[in-house]
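Generate coordinates for the entire structure from the input sequences, incorporating the hints supplied.
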Amino acid sequence: MSEWLAGAPWMMLAIMLPLSGALVAFLLPRHSALVGLGASLLTACAALVVMLQVAADGRQAYRLGGWPAPLGIELVADGLSVLMLAMTAVVGVAVSVYARVYLADSPDKVRRFWPLWLFLWAALNALFQAGDAFNLYVTLELMGLSAVALVALSGSGPALWGAMRYLLVSLLGSLSYLVGVALLYHAYGTLDLALLSERADGGLQLAVPLGAMIAGLLLKTGLFPFHVWLPPAHGSARAPVSALLSGLVVKASFYLLLRLWFTFTPEGQGVPLLLGSLGAAAIFWGSIQALRQKRLKLLVAYSTVAQLGYLFIAFPLAELEPALAWSGSVYLALSHAMAKGAMFLAAGSIMTQGGHDEIDELDRVVERMPLTLAAFALAGISLAGLPPSGGFVGKWMLLQAAMTQGSWFWALVIIVGGLLTATYVFRVLGFAFTKSPHEHERHDVPATMEWTALVLALGAVLLGFAAPWALPLLEGVLP
Amino acid sequence: MKTRHAATEPGPVFRIGLALLLFAITAGLALALLAEPVAPGVAGQVEAALGDSGAKNHVTAVLLNFRGYDTLLELAVLTSALVGVWALGVAPDIKETTPSPVLLGMNSVLIPLAPLFCAYLLWAGASRPGGAFQAGAVLAAAAVLYNISCRRPELRLPSAPLRPGIVIGLGVFIATGFGVMGGGRAFMEYPAGLAGGLILLIETAATLSIALILASLFVGGRPEGEP
Amino acid sequence: MSSGILFACGGLGLLAIGIWALVLRAHLIRKVLAINVMGSGAFLLLVGAGSMGEAGVDPVPQAMVITGIVVAISATALALALVLRLANATGKPALPEDRERDLMDSEER
Numbered sequence: 001m002s003e004w005l006a007g008a009p010w011m012m013l014a015i016m017l018p019l020s021g022a023l024v025a026f027l028l029p030r031h032s033a034l035v036g037l038g039a040s041l042l043t044a045c046a047a048l049v050v051m052l053q054v055a056a057d058g059r060q061a062y063r064l065g066g067w068p069a070p071l072g073i074e075l076v077a078d079g080l081s082v083l084m085l086a087m088t089a090v091v092g093v094a095v096s097v098y099a100r101v102y103l104a105d106s107p108d109k110v111r112r113f114w115p116l117w118l119f120l121w122a123a124l125n126a127l128f129q130a131g132d133a134f135n136l137y138v139t140l141e142l143m144g145l146s147a148v149a150l151v152a153l154s155g156s157g158p159a160l161w162g163a164m165r166y167l168l169v170s171l172l173g174s175l176s177y178l179v180g181v182a183l184l185y186h187a188y189g190t191l192d193l194a195l196l197s198e199r200a201d202g203g204l205q206l207a208v209p210l211g212a213m214i215a216g217l218l219l220k221t222g223l224f225p226f227h228v229w230l231p232p233a234h235g236s237a238r239a240p241v242s243a244l245l246s247g248l249v250v251k252a253s254f255y256l257l258l259r260l261w262f263t264f265t266p267e268g269q270g271v272p273l274l275l276g277s278l279g280a281a282a283i284f285w286g287s288i289q290a291l292r293q294k295r296l297k298l299l300v301a302y303s304t305v306a307q308l309g310y311l312f313i314a315f316p317l318a319e320l321e322p323a324l325a326w327s328g329s330v331y332l333a334l335s336h337a338m339a340k341g342a343m344f345l346a347a348g349s350i351m352t353q354g355g356h357d358e359i360d361e362l363d364r365v366v367e368r369m370p371l372t373l374a375a376f377a378l379a380g381i382s383l384a385g386l387p388p389s390g391g392f393v394g395k396w397m398l399l400q401a402a403m404t405q406g407s408w409f410w411a412l413v414i415i416v417g418g419l420l421t422a423t424y425v426f427r428v429l430g431f432a433f434t435k436s437p438h439e440h441e442r443h444d445v446p447a448t449m450e451w452t453a454l455v456l457a458l459g460a461v462l463l464g465f466a467a468p469w470a471l472p473l474l475e476g477v478l479p
Numbered sequence: 001m002k003t004r005h006a007a008t009e010p011g012p013v014f015r016i017g018l019a020l021l022l023f024a025i026t027a028g029l030a031l032a033l034l035a036e037p038v039a040p041g042v043a044g045q046v047e048a049a050l051g052d053s054g055a056k057n058h059v060t061a062v063l064l065n066f067r068g069y070d071t072l073l074e075l076a077v078l079t080s081a082l083v084g085v086w087a088l089g090v091a092p093d094i095k096e097t098t099p100s101p102v103l104l105g106m107n108s109v110l111i112p113l114a115p116l117f118c119a120y121l122l123w124a125g126a127s128r129p130g131g132a133f134q135a136g137a138v139l140a141a142a143a144v145l146y147n148i149s150c151r152r153p154e155l156r157l158p159s160a161p162l163r164p165g166i167v168i169g170l171g172v173f174i175a176t177g178f179g180v181m182g183g184g185r186a187f188m189e190y191p192a193g194l195a196g197g198l199i200l201l202i203e204t205a206a207t208l209s210i211a212l213i214l215a216s217l218f219v220g221g222r223p224e225g226e227p
Numbered sequence: 001m002s003s004g005i006l007f008a009c010g011g012l013g014l015l016a017i018g019i020w021a022l023v024l025r026a027h028l029i030r031k032v033l034a035i036n037v038m039g040s041g042a043f044l045l046l047v048g049a050g051s052m053g054e055a056g057v058d059p060v061p062q063a064m065v066i067t068g069i070v071v072a073i074s075a076t077a078l079a080l081a082l083v084l085r086l087a088n089a090t091g092k093p094a095l096p097e098d099r100e101r102d103l104m105d106s107e108e109r
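Protein sequences appear in the order of chains A, B and C.
Going by my numbering, the letters in the first sequence line up with residues 1 to 479, in that order.
Going by my numbering, the letters in the second sequence line up with residues 1 to 227, in that order.
Going by my numbering, the letters in the third sequence line up with residues 1 to 109, in that order.
All clues stand as given, with none of them false.
Computed, partial: chain C to chain B, Cβ under 8 Å:
#1 L12
#2 A16
#3 V23
#4 L24
#5 G50
#6 M52
#7 P59
#8 Q62
#9 S74
#10 L82
Label pairs and their in silico Cβ distance ranges:
#11 C/R25 with B/F178: 45 to 51 Å
#12 A/S156 with B/G225: 20 to 26 Å
#13 A/T448 with C/R25: 42 to 48 Å
#14 C/R25 with A/L412: 40 to 46 Å
#15 A/A323 with B/G184: 36 to 42 Å
#16 B/P115 with A/A56: 51 to 57 Å
#17 B/P12 with A/L274: 24 to 30 Å
#18 A/L195 with B/E36: 16 to 22 Å
#19 A/P388 with B/A27: 50 to 56 Å
No lab work stands behind these hints, which were simulated from the structure alone.
As the structure is a prediction and not an experimental result, all values here were calculated from the model.
Here a beta-carbon is modelled for each residue, glycine too, at the ideal position from N, C-alpha and C.
Pasting the structure below:
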């Protein structure tokens, strides 16, 4: 039994389980929540098994249809892939558990949510394990369409606008990526990333397609100044959907960016410096916008813009300190997924309780829902990079990379960004302790919702302790 | 509907800037396109493996066998788009107008021919250009023509068969992928002798789903009474 | 060589036209059309570039285009359905400017 289990193609199952789950959930709308939750747990298990396999035996590959690349398509899982798979599994299960309770009072939404979310999960797992440039395009589109449909699920005017803008940006980004794929295949005659990395030898034939692909992915990741679509989409969706978008979907396009960067290792200093500067601008602009927001969910959405900026600081720092800078960036992405997921889930609970999410009007939330506020505060600790959180480990590594090469500018950006983060987190916490001048309706929040957010936030804080185990996985993946 | 806003009209400077930027992008792409050397693609390998693929047409062999996983995900994209459109709400009403006699005359010829043409495209796909998507699109086109003719009898299709029909394409694709896995074969690794039959099975199911999905996408929302 | 290069360059032209319209046109249907023009450009580039080599026509780009077309039609359908809902909900088939959105956002609540 155990041998059979170990030999099962878990990489493929991590994609096909959610895909089949989506079909069944669509087919049986009345049981979609049950089917969805079951499929979520199975998918998470498959993803975790893939991680254990890679941790034990190193890089894994699976030939779909039995055809070797370049004729066929291979799934590939290395350390970077499995960290992303595990991140998706953890946040995905938390969101699934939360959504089952959160959506329980609107049966109409439940039936729509589960198939779309499972399609999205299948797309994410497929993207993290794809070893083929064109296959990545299809997964990008599956991810984009299901994410857009999830945003539109809430049905309100702002959500529809957010979804529309998001869809246009997402399609433009994918097409830009596709143009790059077309030129790469034309020049090198293969779509397999491993073969491409052997054959690509720089020059115009590599630079132009790579530029097109990176530009498209920056658009999808929402790096400043391409972030304008992000706050409306993430801020207007339902809370579990926002958690998925901010936590996972933007990370997927960032992962692909890293994957391309590691595959082709482009030379030159201009582009890394540009990406880093945009990242720094994103940190400041996003944080200042977050401070100015009146609504909690928009604050959290702008915080995503700022935190995404951090991920790009690694590009200029990787010139001299590749291992530290890339590990820091990846670790920040992981901890941001958990912290931001927890934050949006907590915001959803606060919104359910008070019927609104005006920050000024938060009415003694600390007395009414201490667990949720604790979740928000813990997530804030990880975002701001206080020890022992995962965010601390990531930022510390980036800071170390900056200090050892004497780049004081980047070190300053990292530190000031952390202070700004703490400021907007404390702004919310401050209002949560005081009494609001107006009376608000009050609703009971199911304990499951409060606990899920808290567990996820605790995970983000405790992630710091997992670093000695998780970071060695990246060895051999980083350039 | 007039929705012109003075603020949304970009000025000439912006237009010139955009034109220059687009010119630079196009020139860059063209340079990369014309650069030498150009590597041969995998056409040779496709040719060599064609005998084992179960299809005589190169494109069909790539779509359904060598890169069948892409096609599977493509069907997932199509299905997820339909789920997304249904999630937006109930289908909007079509304004009933008297259809033109040209449309009705055309319908009486095209709609009965469509299933025949669809079956031919599906069958021909094995050895000539054709295949599931083309066949499904023809069938969906017939459904769209029927839909806009407004001469619909009160044919309230119950919702039950619609859902299974929509998922059957992807469902059969995944089930076949798992079904062939015995004996050390990988997911979707069709046994040499059975490949032709399995591909036809997958394509037939996919045709049905593609036709249903495309026709339902045209309607623009879920049917009334759909849970 | 021959006609492939012509198709590929035509594809690049369509891409540029598509981006132009996507940026400048406010009406959402036009934006969706612009995305479709860009998509056709990308597909033309794929098949054109695929038939530029001496080895004859490569089936892989053609298969990629068929997959791409299905993806494009799915995206277009979702986009058009969204435009329809937006026009119904707000009375205009264009995206609001940021300021406008903020105003309507506060009105709604």
